[in-house]
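> Listed below are the residues making up each chain.
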Amino acid sequence: MRVQAWGVRGSIPTPGSRTAAFGGNTPCVQVTGDDGSELILDAGSGIRELGFHLSGRCKRLHILLTHLHLDHIQGLLFFAPLFDPEAEITVWGPPGRIPLRKRLARYLSNPLSPIEIRDLPARVAFEEVPPDGWRLDEFTVRAALVAHRGSTLGYRVEHSGASLCYLPDHEPGLGTSLSSVPPSWISGLGLARGATTLIHDSQYTDEEYAYRRGWGHSSLSDALAFAQRSRPEGLLLFHHDPGHDDVRLRSLAGQATEEAARLGIDGRVQLAREGTAFDL
Amino acid sequence: MGPERPEQQVDVPPPEVHVPLPDEQPLELILARNLISIISIAALLVDSDGRIVFFNEAAAEIIGAPFEEIGVLQQDQWSARYGPFGADGKPLPPDELPVATAVRESRPAYGHFSVRAESGMLEIETGAIPLSGPAGYHGAIVVFWPLPPAPGG
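Chains as they are written, first to last, in the working numbering: chain B, 1 to 280; chain A, 1001 to 1153.
Keep in mind that the hints were calculated from the coordinates and are not lab data. Model, not experiment: these values are computed from the prediction. Yeah, the Cβ is synthetic: ideal placement off N, Cα and C, and Gly gets one too. Among the hints, a few may not be true.
From chain B, some residues computed to sit far from chain A (all C-beta separations above 12 Å) [said to hold, decoys possible]:
| hint | residue |
| --- | --- |
| 1 | Gly36 |
| 2 | Ser113 |
| 3 | Glu128 |
| 4 | Thr197 |
| 5 | Arg212 |
| 6 | Asp246 |
Selected chain A positions facing chain B (Cβ under 7 Å, derived; list incomplete) [as the list claims (entries may be wrong)]:
| hint | residue |
| --- | --- |
| 7 | Ile1030 |
| 8 | Asn1034 |
| 9 | Ile1039 |
| 10 | Ile1041 |
| 11 | Ala1080 |
Bound-form chain A, shown alone:
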């Protein structure tokens, strides 16, 4: 029997969120968006303020809505909707997420937890890669992939 899936415990906020973005994104983010928009692994892009500024079609398939519909989300908005959640079903503290480690320590970081997908709660593995350029830190790419259900789970 696999680990127990956490229950959904958080109210989902409404989808209409419009977060203003700078006039022009840093090149590192622009190129990262171009890249993740054409790869088939689920990926999202986080800016230096922690906002989820883009996610690709593979990610949209998992969460059940395209970026064009959801738009830019603050990190707490994303967490409330999709997680990730710990074993107790509560959203994980932002400081414990791989993206936070990637930013704090300027290195790729890895994690394993649950997210709220269109199909229900889903266990995933995730990796975060910081995007640093000559002018400093600009954000991170976060890739994630679902884990197969545990036998009997």
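This is chain B alone, in the form it adopts within the complex:
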């Protein structure tokens, strides 16, 4: 499968020259199977550009939402395939007391939107993820609730022996020590264990995290500690803070590499950039 990041920023889009290198779009990751099957992880503002890329070429796809915070759904209204009457799109999302379609309609409706969810031209289905793994075209997908504010999923996508774990908004270190707690008591570890690539939240520096504990995101140290326990082959740090410009992120990338080496984390560790693409 081929993986491409179309949005790696957290919280709010940050366009401009100071963020051009890492990118300012909010989360969206495309996963393409060998036969052309398409999964899209989250619908942040990055999905807009992906929509142009897919428009007219892909009539059937799945969008897997981790949760419904605005930075993960704000691109839906600007995703070209949703306006293609021939497109068949399934939107998967976290379970809740209210049906997924109705929860999303809060955003895709007046007064926040000129288009009502029922008026989307594409054939769109809204599904809550099943509790066990399921097949989506050539992929096997597993979802589980993870530590973040509100009902939030992590995903593991497997294909031909390779696996991608996607935990863009995740605070597994809240109220516990990731270095010492037994593994079955770490949020998301069952999804991430031994993944070929782990995409993981590292929104804050350790200094920032001290003031944002409980907001649902990880410090760089906790992201690396989580990787130390889950042992992915590659780690892509994700959901960059909107206050971190390219200069700051380059500095954090160097810090991450040094810290990963100190912790004995094998494999590649890098900060995700918009446009980052790789094969698994």
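Could you slot chain A onto chain B? The hints should help.
Only chain A this time, still in chain B's reference frame:
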């Protein structure tokens, strides 16, 4: 004079108990463990199979041993060691415990009975809160606190 404290009547099983746990606990239990591990009221965590999968330091002070030493216990193992016991000194039937009510009726439940503490038999009050999430019931938090000895008791 307060109520008579029940005598210890049950053999205490050995401490080495290793109950296998699932690969990853449900998030509701993980967050509950994180919470009770930092609060100062005695609390324990029961999973959907009735196992006591964690208890905190305040609970450890009462029963006289830390979780790291005791490990996960099946409900009958916990009951045999620590109770709770009825007025006759015998372990209460599992169905009559607040945690059973919490699970059965999906609501917080309350109880008052005796447990075997490090210091001897101890009267406690307890409350059980079911942990239900989108995927259903995952367990319960049980908090308990000792009652002051009755005057003259």
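> If you check each hint against the structure, which ones fail?
The structure breaks hints 3, 9, 10, 11; every other hint is satisfied.
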